[in-house]
Each structure stands twice: as structure tokens, then as C-alpha cells.
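Number of protein chains: 2
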Amino acid sequence: MHKIATLIASGAIALTLAASASAQVKPEDQIKYRKAAYSFTSWNMGKIKASLDGTYDAAQVKAAANAIAAVAGSGLGALFGPGTEKAIGDQKTAVKPELFQKGAEVGKLAGDFATAAAALAKAAESGDAAQVKSAFGQIGQTCKACHDQFKSRN
Amino acid sequence: MHKIATLIASGAIALTLAASASAQVKPEDQIKYRKAAYSFTSWNMGKIKASLDGTYDAAQVKAAANAIAAVAGSGLGALFGPGTEKAIGDQKTAVKPELFQKGAEVGKLAGDFATAAAALAKAAESGDAAQVKSAFGQIGQTCKACHDQFKSRN
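Protein sequences, first through last, are from chains A and B. In this text, residue positions in the first sequence follow my numbering: the first is 1, and each later residue adds one. In this text, residue positions in the second sequence follow my numbering: the first is 1, and each later residue adds one.
These aren't lab readings, by the way, just hints derived from the structure by calculation. Treat the hints with care, since some could be wrong.
One copy or two, it doesn't matter: identical chains are merged, so the pair holds either way.
Below 25 Å or equal to it, Euclidean Cα-Cα: the simulated DMTMM-like pairs (lysine to aspartate or glutamate) are [what the hints assert, rightly or not]:
| no. | residue 1 | residue 2 |
| --- | --- | --- |
| 1 | K49 | D29 |
| 2 | K108 | E85 |
| 3 | K151 | E105 |
| 4 | K35 | E105 |
| 5 | K26 | D57 |
| 6 | K26 | D53 |
| 7 | K49 | E28 |
| 8 | K86 | E98 |
| 9 | K92 | E28 |
| 10 | K35 | E85 |
| 11 | K151 | E85 |
| 12 | K86 | D148 |
| 13 | K35 | D90 |
| 14 | K144 | E105 |
| 15 | K133 | D112 |
| 16 | K151 | E98 |
| 17 | K151 | D29 |
| 18 | K102 | E85 |
| 19 | K133 | D53 |
| 20 | K49 | E125 |
| 21 | K92 | D29 |
One chain only, chain A, in its complex shape (with noise of 0.2 Å):
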């Protein structure tokens, strides 16, 4: 876990990513692929909190908080390219085109998703319910911070 961490850690990576990927996927693809990460972000989210809500199942909250921390840092920045501000192809999206002009607050946003999912991932390795609990609350804040200003109800 402590190698993803570090990469995480390193907030220039995403930005890295951007620059090399975007080029090379669809702008309807990057929609699809952004909504699938956070979909499966979603999925994961639901079985921590289940585990918190209910009984404590320490496998599946790790092996869960990993997912997450694989995904907010595996450089999502690149699928925000241009052409993606809005729907396109059979890809609806729901990110409000500030988004776009807003590249240091997104940033900002993003590396503290990063923090939070490493965080948690951290909690979850220790197998502590209370950790973990308090870990949630905070990467569930930065997924709000960001929906809040960049995600439009659709």
C-alpha cells in the first residue's frame, strides 16, 4: 500500500498523467472512463460505509480503500481533455464547464481527494473501525467539495 501512497503523495502526477494520455483516448471515451472511475469509486464508498454501518469486515474495507486509492491516482486529470466540457458522441456527462477555467482550484480539489483516499487506505490497513470511520468522513467531504462546485445535478 505505502508504494501507491507515495504516488499519490506526489501531487505532480496526475498533472504528468494529463499531458501524455489525453492525446491519445476519444473525448466521448474520456467521458465514458471518468464516469466508470467514479462509478466504481461509488461501489467501493458504499461497501466501506456498509462495513461501518454494520459489521466491521477488515478485508473488504481494505481491499476497498486500495480501489479507491488506485483510482485517485491513476492520473484522472487525463480524462478532462478538451471536447469533454459537455455531452458528446452517446456520452452525457455531468461536470459544469467551470471546471475547465478553473485548473488551479481542480487541482487544489483533486490532491485532496488524493490525500483523503491515502489516508484511508492507511486507516484501513491498520484494521481499526475508528480510523477508518474518521478517514470516510474526511475523503467523503473532498468527493462533496468538488461535486458541489463542479458537478451539475442531472
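Dock chain B against chain A, hints included.
Just chain B, lined up with the frame of chain A:
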């Protein structure tokens, strides 16, 4: 990374997770989430392929391989629960109904995928493009093996 590899190598984890998580997720959401998991995997496979075909980007390959390994270790079996054999709600699926009748065979294929994902992550960690190329070929075979048998062209 070795922690994820360890999780994955303990092949039983997918089945354990399946039992505890499938009850909590609606069938249409299971289909949505599994398609998201495979779509996100496809994006990460594409990044590795682009690196092997063009200029090798060790950091990107490492992040992508970690993401694939985390998906493979996330307990996808939980997303093939009862009621997900065919389209439901607004979710289509390309799964063949046979998948739900051939548990042992599916378990073997899922285990092959997880083993290959762990090997790919290990190869990516080494930074050696030749090792990654070989491991990438291997995991591609495990994808194809399952698609050939259990995915219809739709």
C-alpha cells in the same frame, strides 16, 4: 504494492467479498458497477499499451497496473449476484447466462485474472518495459479467455 498482491494472491477473497456485499447492492447497480470496473480497467490497459507501443512512461504504467490490480482485488464476484443475468432497469449487460451456472470455471478465470494483475503490477514496479510487455500479454490472455466464454457481442 506487495500488500495488494498478497490480498489478490489469497484467491478466496473474491468469494468472501461476494457473499457479504451482493445483498446490499441492487441488481441494476451491480451491473452498472461491474461495467464501470471493466471500463476503468480497459482505460488502464490502454495506457499501458500506449506506453509499450510508444515512449515508455514508468510512472504511468505503475499507476495503471496498480489500478488494474486493485480492481482485480476488489471482489468483483459480488457484482454478479442473482438478478444480474440479463438487462434490468436501464442497465444492459453483455454477460452470457452460462456464467451463472459455471461457478468453478468462472472462479478459475477470475483467479487467473487476479494472478496476472498482481504479476503485471510487480513487473510495472520493476520499471522494465520487457517484463511489463510479457506480463501485459499474459493478462490480456486472461481477459480474452473470459470474454470468449462468457461475454456476448452486443
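Hints, verified against the model:
1. Taking the closest pair of Cα atoms, K49 and D29 come within 25 Å of each other only across two copies (16 Å); inside a single copy the shortest separation is 30 Å, beyond that limit.
2. In this assembly of identical chains, the alpha carbons of K108 and E85 lie at most 25 Å apart only when taken from the same copy (19 Å versus 42 Å across copies).
3. Within a single copy, K151 and E105 get their C-alpha atoms as close as 14 Å, which meets the 25 Å cut-off; across copies the closest is 42 Å, which misses it.
4. Taking the closest pair of Cα atoms, K35 and E105 come within 25 Å of each other only inside a single copy of the chain (20 Å); across copies the shortest separation is 31 Å, beyond that limit.
5. Within a single copy, K26 and D57 get their C-alpha atoms only as close as 39 Å, which misses the 25 Å cut-off; across copies the closest is 20 Å, which meets it.
6. Taking CA atoms no more than 25 Å apart as the test, K26 paired with D53 passes between copies only; the shortest distance there is 18 Å, against 40 Å inside one copy.
7. For the homomeric pair K49 and E28, the shortest alpha-carbon distance between copies (19 Å) is at most 25 Å, but the shortest distance inside one copy (31 Å) is not.
8. Proximity of K86 and E98 under a CA criterion of 25 Å is satisfied intra-copy only: 11 Å inside one chain copy versus 39 Å between copies.
9. Taking the shortest Cα distances, K92 and E28 sit within 25 Å of each other both inside one copy (9 Å) and across copies (19 Å).
10. Taking identical chains as interchangeable, the C-alpha atoms of K35 and E85 lie at most 25 Å apart whether they share a chain (13 Å) or sit on different chains (23 Å).
11. For a Cα distance limit of 25 Å, the shortest separation of K151 from E85 inside one copy, 11 Å, qualifies, whereas the shortest one across copies, 32 Å, does not.
12. With identical chains, the CA atoms of K86 and D148 are at most 25 Å apart within one copy only, with a shortest distance of 18 Å there and 35 Å across copies.
13. In this assembly of identical chains, the alpha carbons of K35 and D90 lie at most 25 Å apart whether taken from the same copy (13 Å) or from different copies (16 Å).
14. Proximity of K144 to E105 under the C-alpha cut-off of 25 Å is restricted to the intra-copy arrangement: shortest distance 14 Å within a copy versus 41 Å between copies.
15. In this homomeric assembly, K133 and D112 come within 25 Å of each other (Cα to Cα) only inside a single copy, at 17 Å, whereas the closest approach across copies is 33 Å.
16. In this assembly of identical chains, the alpha carbons of K151 and E98 lie at most 25 Å apart only when taken from the same copy (10 Å versus 39 Å across copies).
17. For the homomeric pair K151 and D29, the shortest alpha-carbon distances inside one copy (19 Å) and between copies (21 Å) are both at most 25 Å.
18. Taking identical chains as interchangeable, the C-alpha atoms of K102 and E85 lie at most 25 Å apart only when both belong to the same chain, with a minimum of 13 Å there against 43 Å between chains.
19. Taking the closest pair of Cα atoms, K133 and D53 come within 25 Å of each other only inside a single copy of the chain (10 Å); across copies the shortest separation is 43 Å, beyond that limit.
20. Taking CA atoms no more than 25 Å apart as the test, K49 paired with E125 passes inside one copy only; the shortest distance there is 16 Å, against 31 Å between copies.
21. Taking the shortest alpha-carbon separations for K92 and D29, both the intra-copy value of 11 Å and the inter-copy value of 18 Å come in at or below 25 Å.
Hint compliance for this structure: every hint is met.
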